[in-house]
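My request is simple: use the sequences and hints to build the entire structure.
Counting with mature numbering (1 follows the signal peptide of the UniProt record, and there is no 0), you get residues -18 to -1, 1 to 706 for the letters of the sequence shown.
Read the hints as simulated data drawn from the structure, not as lab findings. Be aware that a few hints might be false.
Stated by the list, open to error - Label-pair distances were calculated between CB atoms; the ranges are:
hint	residue 1	residue 2	range
1	Val258	Ala556	42 to 48 angstroms
2	Val258	Ala425	58 to 64 angstroms
3	Asn201	His621	15 to 21 angstroms
4	Ala380	Phe286	32 to 38 angstroms
5	Asp247	Asp398	28 to 34 angstroms
6	Ser82	Ala349	39 to 45 angstroms
7	Ala582	Leu510	38 to 44 angstroms
8	Gly372	Asp247	44 to 50 angstroms
9	Asn201	Gly257	16 to 22 angstroms
10	Tyr357	Ala380	55 to 61 angstroms
11	Ala556	Phe391	54 to 60 angstroms
12	Gln670	Ser269	31 to 37 angstroms
Unchecked claim - Here are the simulated DSS-like pairs of lysine-lysine, each with C-alpha atoms no more than 30 angstroms apart in a straight line:
hint	residue 1	residue 2
13	Lys578	Lys502
14	Lys591	Lys209
15	Lys591	Lys617
All C-beta atoms in this analysis are idealised placements derived from N, C-alpha and C, irrespective of residue type, glycine included.
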Amino acid sequence: MKKILLLLAAIAPATAVAQIASPDSISTHELEKVLVYSTRTAVPLKRVPGKIEVIRPEAIATSGLKDLTDLLKNKSSVDVIQYPGFLSNVGIRGFIPDFSRSRYVAVLINGIPSGTSNLSTLSLNGVEQVEVLKGPFSSIYGTNAMGGVINVISKRHNGPLTGTFTTSAGSFGTGYGMVSFGGGITDRLSFDLSASYESQARSYTVGKNNFLKTTSLENAILDPTKKGAVMPGSTYGVVKANARLGYQFSDEWSLHIFEDLFHGDGILNGGSIWGVYGASKKNLNRSMTSAELRGRLGNNLLTFTPYYSREQSDNYKVGTESEYRNSSSVSTSWGAILQDELRFDVHRLVLGLDTRNQDTDTRSFKADGTSAVPYQPNVSTRGLGLFAQGHISLLADALNISAGLRADFMNLSLKDNADLRSKATTESFSTLSPNLGLKYELAKGLMAHASIGSAFSAPSAYEKAGEYQTAYGVTRGNAALRPETSLTYDLGLSYTNRDLGVQLDATYFDTQHRQKIVKKRAGTLDALDAQGHKILDKNGQPKQLAVTTFENADKAHMNGLELVASYDFGSLVAYRYSLRAYVNATFMFDSRYLPKGSTAWTQLESIRKQNVTFGLEYKAPYGLELGLTGRYLGKRYEHNWFGSYPNVRVGLSELNQKEMPELAAADQLLHPAALVWSASAHYDVTKQLRVGANLRNIFSEYYTEKDGYHMPGRSIQFSASYRF
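Structural data, given as structure tokens:
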């Protein structure tokens, strides 16, 4: 009851200050006017058959959030794996979040690969909007777009110079400073520039309460002894920046050059709340340079977009007598997209060529700084995609049809390394990805939509090409390995009526995930040194190493319902103020996989049964904005990674065996649901000066996004910004 009263007290100001003001003093975004760019051409959101959610800059600004992962998990119903120390990724429609190489969600900046699978390094500075595409989009973007696409769109100011200075400070010694400005230098030359520094001086305190009732097993999983504990090694200081320089040659030709940077030195990782993995530190740096040349020749709108990105992670061993760099990984990506958009009245056809390349180099080091044997060889990927995407509008724009087809040709190469006994090997494959979508306006504002499409995720070079040996075993690629594939269909209804303040969409989706790649034991081999001589064990016998290979074995099935709904009470008074209630939810009905040779389906891990974000937003004409948001995280399955540590969660394994023997046999845990509340308040003191506060995790919810890595408890952040 106490929690409910506190919630009502938080909501009360939003309704109490809902005073009537002059008509049309509050601008609202109509669906017809919102453009999306993720279909390879700018199209009104209303006309797109696929499921696309758009997070507008106003929502980004009032959230007070600093990185893309936090924004997505609070504004869209996605699955998340998130660690302290800037490491995270998301999953969509039952596909597992994967921060190692983002196998199932393509992450883009302005429609081109971001060069990273770590969403925590992607800034929200200088962002015009974030587009979340749900469903298969390999017909447009190739590999990894099985669950969906995250596309970050940069701002492009070309009018008078405008800008913002922002500073904030809050709990755990957090500090933030950002400058962002842009506009026209001359009639033809324009720019945008954003830079920020974000830091946390003290390790954060985790939550200590549970808003929802938990069982004794769920309490044991969370570990009640760590409630209110300090998360070790969660301090940081990072720089994020992005820039754009644009030149308009004529009314029909333009060139834009973009730069995106992330720089973080000495980012700590405490190794779980129990510290069982030991502390570590990393220097994480990422840069991305791209250009966009666009112009019209007759009926052809041509776009050429080359890009280059580089991400380097240097990992340090700490907690010993001498701190030293023990490993380094450098990933470089480059390529170009050339496309031709043809327009026939309201119809459009986009033809294109997409070449993408990636090199990954890994090194290991000894304490004295000399090179050690790396844990894996270097690899490279070369890809070429040919795509066609058409959009047809019929019946006075009531019927919209989109169809696409893409052919991908990929080469995967394992490099030679004498220490790892790997030889240079290259394997290839090709695949086709079609997609079809329909959207029909049954009545004014009432639309039916449906789509069906296939998608794929390419195997890594380690999985398909060559063989290498470490001290722990032999990894052997499978030349016959095929890419993972999926077939997804969805159908739904949407209704939008601005006069009534209503916006609603309900979408059912069903995915068959085939040819899942899994590891497989393949016997043993004699261990050999770099010269090919057998390595003997302590008994003088040839040392045996286990051989691991890969195969297309498992299949999975995911289906569920996505619901997006909002109602604006401001519609009752002609929008003289806005008081909007909203919900964005995904309900998973099935998320299981079937191992090869088995008849028993197993639950997919890291997939929540429900992901729901909801809230109440108030916007007054005199510059006051209030918000109350909630995020419901449904139960999820995870492997019991910490089960082998006898001093961690003592008695949990026995309790899990007693209450959930099937899960215990699979060495899995069912993590509890959680409910996290946050609130915000912002006020325009003048046209230039804006102040605000964000209160996060109001009730100090004790929860995790990844087992063993508990999220921050209650925190508050105060901010001020000056606009010019």
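Outcome of the hint check:
Distance hint check for Val258 and Ala556: the Cβ-Cβ separation is about 60 angstroms, which falls outside the suggested range of 42 to 48 angstroms. Judged by the Cβ atoms, the range 58 to 64 angstroms given for Val258 and Ala425 holds: they are separated by roughly 60 angstroms. For Asn201 and His621, the hinted distance range of 15 to 21 angstroms is satisfied, since their beta carbons lie about 20 angstroms from each other. Look at Ala380 against Phe286: about 35 angstroms separates their beta carbons, and that is inside 32 to 38 angstroms.
The hinted window of 28 to 34 angstroms between Asp247 and Asp398 holds, with their beta carbons roughly 33 angstroms apart. Under the hint 39 to 45 angstroms, the C-beta atoms of Ser82 and Ala349, about 27 angstroms apart, miss the expected range. At roughly 39 angstroms, the beta carbons of Ala582 and Leu510 sit within the given window of 38 to 44 angstroms. A beta carbon spacing of about 48 angstroms between Gly372 and Asp247 agrees with the range 44 to 50 angstroms that was offered as a hint.
The hint said 16 to 22 angstroms for the Cβ distance between Asn201 and Gly257, and at roughly 21 angstroms that hint holds. At about 58 angstroms, the beta-carbon gap between Tyr357 and Ala380 stays in the expected band of 55 to 61 angstroms. Distance hint check for Ala556 and Phe391: the Cβ-Cβ separation is about 57 angstroms, which falls inside the suggested range of 54 to 60 angstroms. Between Gln670 and Ser269 the beta carbons are some 33 angstroms apart, a value that agrees with the proposed interval 31 to 37 angstroms.
A hinted pair counts as satisfied when its Cα atoms are at most 30 angstroms apart, and Lys578 with Lys502 qualifies at roughly 11 angstroms. Proximity of Lys591 to Lys209 is assessed by CA-CA distance (about 25 angstroms); at most 30 angstroms being required, the pair is judged to hold. Proximity of Lys591 to Lys617 is assessed by CA-CA distance (about 6 angstroms); at most 30 angstroms being required, the pair is judged to hold.
In the structure shown, a violation is registered for the earlier hints numbered 1 and 6, in ascending order.
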